[in-house]
Amino acid sequence: EAQVTQNPRYLITVTGKKLTVTCSQNMNHEYMSWYRQDPGLGLRQIYYSMNVEVTDKGDVPEGYKVSRKEKRNFPLILESPSPNQTSLYFCASSLWGTGNEKLFFGSGTQLSVL
Amino acid sequence: TQLLEQSPQFLSIQEGENLTVYCNSSSVFSSLQWYRQEPGEGPVLLVTVVTGGEVKKLKRLTFQFGDARKDSSLHITAAQPGDTGLYLCAGGGSSASKIIFGSGTRLSIRP
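Chains as they are written, first to last, in the numbering used here: chain A, 37 to 150; chain B, 4 to 114.
Check each hint, because a few of them may be wrong.
Simulated crosslink set (EDC-like; lysine to aspartate or glutamate; CA at most 16 Å straight-line) [said to hold, decoys possible]:
| no. | chain 1 | residue 1 | chain 2 | residue 2 |
| --- | --- | --- | --- | --- |
| 1 | B | K101 | A | E66 |
| 2 | A | K101 | A | E115 |
| 3 | B | K101 | A | E115 |
| 4 | A | K105 | A | D92 |
| 5 | B | K59 | B | E44 |
| 6 | A | K101 | A | E89 |
| 7 | B | K101 | A | E137 |
| 8 | A | K107 | A | D95 |
| 9 | B | K59 | B | D74 |
| 10 | B | K62 | B | D86 |
| 11 | B | K73 | B | E57 |
| 12 | B | K101 | A | D95 |
Covered, in the sense of this in silico footprint (three residues per stretch, anywhere, with C-beta under 8 Å from a C-beta of chain A), are these stretches of chain B [what the hints assert, rightly or not]:
| no. | stretch |
| --- | --- |
| 13 | 37 to 45 |
| 14 | 54 to 63 |
Hints in this document: simulated from the structure, not taken from any laboratory.
Where a beta carbon is used, it is the ideal one built from N, C-alpha and C, also for glycine.
Given the sequences, and given the hints that come with them, work out the whole structure.
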């Protein structure tokens, strides 16, 4: 089954404790992206990747890191989480990232930073 | 900066009524997508429109892309409780990979 898998689904942590949210897709997609979703603000892009070892900033990259060492994986790293990073996070992938294609989303990771 | 504004933000109507949701921008988009998101899940694509003036139908849902490719609308005929969810529009910009999402319309259909 074609899917984007995120882990964990729920995460509660404390300020400053490094964490990683994993994302994996099994569709051989070139393009992967991370979004955060906050009430009234829709989905805002954090980082995206057009291919292995190619990443770029989205609209809200501060406080986040990503890496794309393998085509299927695109982890999101919070080196020193802060309470304003409490949010619902989604990973997505598509074939080329042109904006005309279907974006496949994971089921989300609800992060709470205390 | 490209922005997509959706209206209304919230909509609660009775089963069987018709409704229209709007997605507007001052920028031109190469394509416009509509997604539906249910609680606890990621958004799922409903439709993509790429040509100005294009109209697409998906059962009781009708999607239209504005002639100038700056706006789009979603019309639902005879709404059903299963239509409940968050509807998001997303625009494809001039640069590859830059996909902008609107803030969403939360739709509730009362039985």
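**Report entry** Structure-inconsistent hints, enumerated in ascending order
**Finding:** 3, 5, 8, 14
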